[in-house]
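Participant: Chains H and A supply the protein sequences, listed in that same order. Under the numbering used here, the first sequence has 260 at position 260, and the numbering climbs by one with no breaks. Under the numbering used here, the second sequence has 350 at position 61, and the numbering climbs by one with no breaks.
Please keep in mind that the hints were generated in silico from the structure rather than gathered at the bench. Check each hint, because a few of them may be wrong.
Stated by the list, open to error - Below, computed lysine to any residue pairings styled on SDA-like, alpha-carbon distance capped at 20 Å: (1) H:K93 x A:I299; (2) H:K38 x H:E258; (3) H:K189 x H:G208; (4) A:K592 x H:F32; (5) A:K513 x A:A474; (6) A:K592 x H:C20; (7) H:K93 x A:K592; (8) A:K592 x H:T48; (9) H:K93 x H:N104; (10) H:K93 x A:I298; (11) A:K513 x A:S478; (12) A:K592 x H:K189.
What the hints assert, rightly or not - Per label pair, the in silico range of CB-to-CB distance: (13) H:L28 x A:S492: 37 to 45 Å; (14) A:A456 x H:L59: 33 to 41 Å; (15) H:M7 x A:L519: 40 to 48 Å; (16) A:L495 x H:E33: 41 to 49 Å.
All of these numbers come straight from a predicted model, not from anything done at the bench. No residue lacks a Cβ here, since even glycine has one placed at the ideal position from N, Cα and C.
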Amino acid sequence: MRAAFFMAALASIISVALICVFLLYQGLPTIFEIGPFKFLMGRLWRPTAQHSEPTFGILPMILGSIYVTGGAIALGVPIGLLTAVFMARVCPKPVYRFLKPAVNLMAGVPSVIYGFFGMMFLAPMIFDLFGERFDMVSGSTMLAASVLLGIMILPTVISIAETNIRAVPQELYEGAVALGASHERAVFKVVLPAARSGVMAAIVLGVGRAIGETMAVRMVAGNQTAMRMPYEFLKGVRTMTTNIVMEMNYVEYGSLHEGALIATGVVLFVFILLINLLFSTLNKGREKP
Amino acid sequence: MKKTLAVLIIAVLMLSLVSACSSDSQSPAGDPTPNGSSTPAKRDEPVSEPVSEPVPESAPVSDFDSGRVIGVHTREDGSGTRDAFVSITGVGDDMYEEAVVLGSTNEILSAVGANEYAVGYISVGSLNNTVKALSIDGVLPSNATVKDGSYAIQRPFLICMSEEKLADPLVNDFISFMLSAQGQAQIGSSWTMIDESAPDYVSSGLTGALRVGGSTSVEPLMQKMREAYLALNGGVTIDISSTGSGDGINGATAGEYDIGMSSRELREAELESLTPVSIALDGVAVIVNTANPLEELTITQVKDIFTGEITRWSAVG
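Okay, chain H solo, but in the shape it has when bound (with noise of 0.2 Å):
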């Protein structure tokens, strides 16, 4: 029996290592072909120019990654803590009962459904509320993928956050209360900075959640290639995951826009493992008081 539990744990650490080889070993000479600095500072991707020299710069594809996670996180942190704090603190069980497999369903939803809802509606709201004014191309933009990822990684937010807060000692809670705070100071000056490392821990699975997400980001990014400031968020912008998505079905086997495909799958998981570091580290923290 204990051989079953092993190999089934095994199996597990097998595949990532195995993933890890791939990427590593079909990522990093591609990347060394094109040079580091080219590859991860390159302003232009035009892989498949045919009369001047390719490029294959993802410099706008993981500033594109950080812009749309960075929304998603400005518009889907606050909400999600709010939330938390009410299902946790404030809500009455009648409202609690239907509020909770309400947020596991949203957590339940595929990708693509929410690329619908976006594709459907977000996006031409958008470019029927700002096209005209700031003469917008379309409405898939920076801005329709920050929201949409804002509500996607709402569930992980929420269920995580909330456990984190149920987790402070209901003592703090009663002790803040006798020294004559109210409510609602209780909960955010006691209770919810008890819970900070949990709360924190949220917001970087939340942050992983929307790095990685692919499918939603595609149908309403717009996908175009240019570099980006922070401020174009009525622009599109393409994301690493995306950039890998679109392009390898077509690409040409063995080439080097293919490697560059995977390399940039070799920087995506750079960003998945710091996350990761970094949400281990804050587990750690919350371990030891």
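Position chain A against the provided structure of chain H, taking the given hints into account.
Facilitator: Here is chain A on its own, set in the frame of chain H:
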């Protein structure tokens, strides 16, 4: 206390639902208005100049603002449709960097269908009435104009085989079927035949299995070819996967597919290991929203739009 809170929350939820609905009805309301206001415009026009507007569709929708920015939509790098489009129109490597990039024909169709100021390009075989195809240099895309070459933006549908697979009798038999009168008849009205006087195909009674894969544009035609071929050759099975031209070419090179489908020309490196055969022709139509009064572009204007030289509809009439 708890009850009043619950009631309050429910009230807020309902309010947000109502406001969501009203904003929902607002955005479609923005759409019907042009249609509504276009009806009186149509009614007016026959009175003032009854002869000059023979086609009711071309009556300009009063709401279309030609001062608006052109919403350029393009396919992703490496797509067969994009490959053909940029090389024929002369856009080349200089695709407009603000152009929205979408990953499939259907995405282009729905994006252009939803955006009054959009322009895009798709295979002629995928055209439907949610969008409007433009004449290029005065020629509307159709089978006849693609076949006689007067419609300039067109490409071949290719199948490609490695040398080893070309020696396989079953592969050969299927290819000869696709190029025969019965095979070419499957092309129907969606695409354009390459040979109208092709020889008849006679079943050679072979059995076996074929794996075909590649271009999503060629796949619908391949499905029809497959059905017709299987009707004549009961002992054969054919698996078709539609995964994109690149994958079709890779798969044919690696031996994963017996026949690869591609909607772009093979590159030099790929020609070393594969032999391409053209089975049909396909036009690439430039499409705009049905609300757009524009009917025609020159190929230079198409190039200027897709390279970003022209950014407003007013510049093309």
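Participant: If a hint holds in the structure, say so; if it does not, say that too.
Facilitator: A quick look at each hint next to the structure:
no. : hint                       : verdict
1   : H:K93 x A:I299             : 13 Å, holds
2   : H:K38 x H:E258             : 17 Å, holds
3   : H:K189 x H:G208            : 28 Å, violated
4   : A:K592 x H:F32             : 36 Å, violated
5   : A:K513 x A:A474            : 10 Å, holds
6   : A:K592 x H:C20             : 43 Å, violated
7   : H:K93 x A:K592             : 63 Å, violated
8   : A:K592 x H:T48             : 18 Å, holds
9   : H:K93 x H:N104             : 17 Å, holds
10  : H:K93 x A:I298             : 12 Å, holds
11  : A:K513 x A:S478            : 13 Å, holds
12  : A:K592 x H:K189            : 61 Å, violated
13  : H:L28 x A:S492: 37 to 45 Å : 53 Å, violated
14  : A:A456 x H:L59: 33 to 41 Å : 48 Å, violated
15  : H:M7 x A:L519: 40 to 48 Å  : 44 Å, holds
16  : A:L495 x H:E33: 41 to 49 Å : 45 Å, holds
Consistency with the previously given hints fails for numbers 3, 4, 6, 7, 12, 13 and 14, ordered from lowest to highest.
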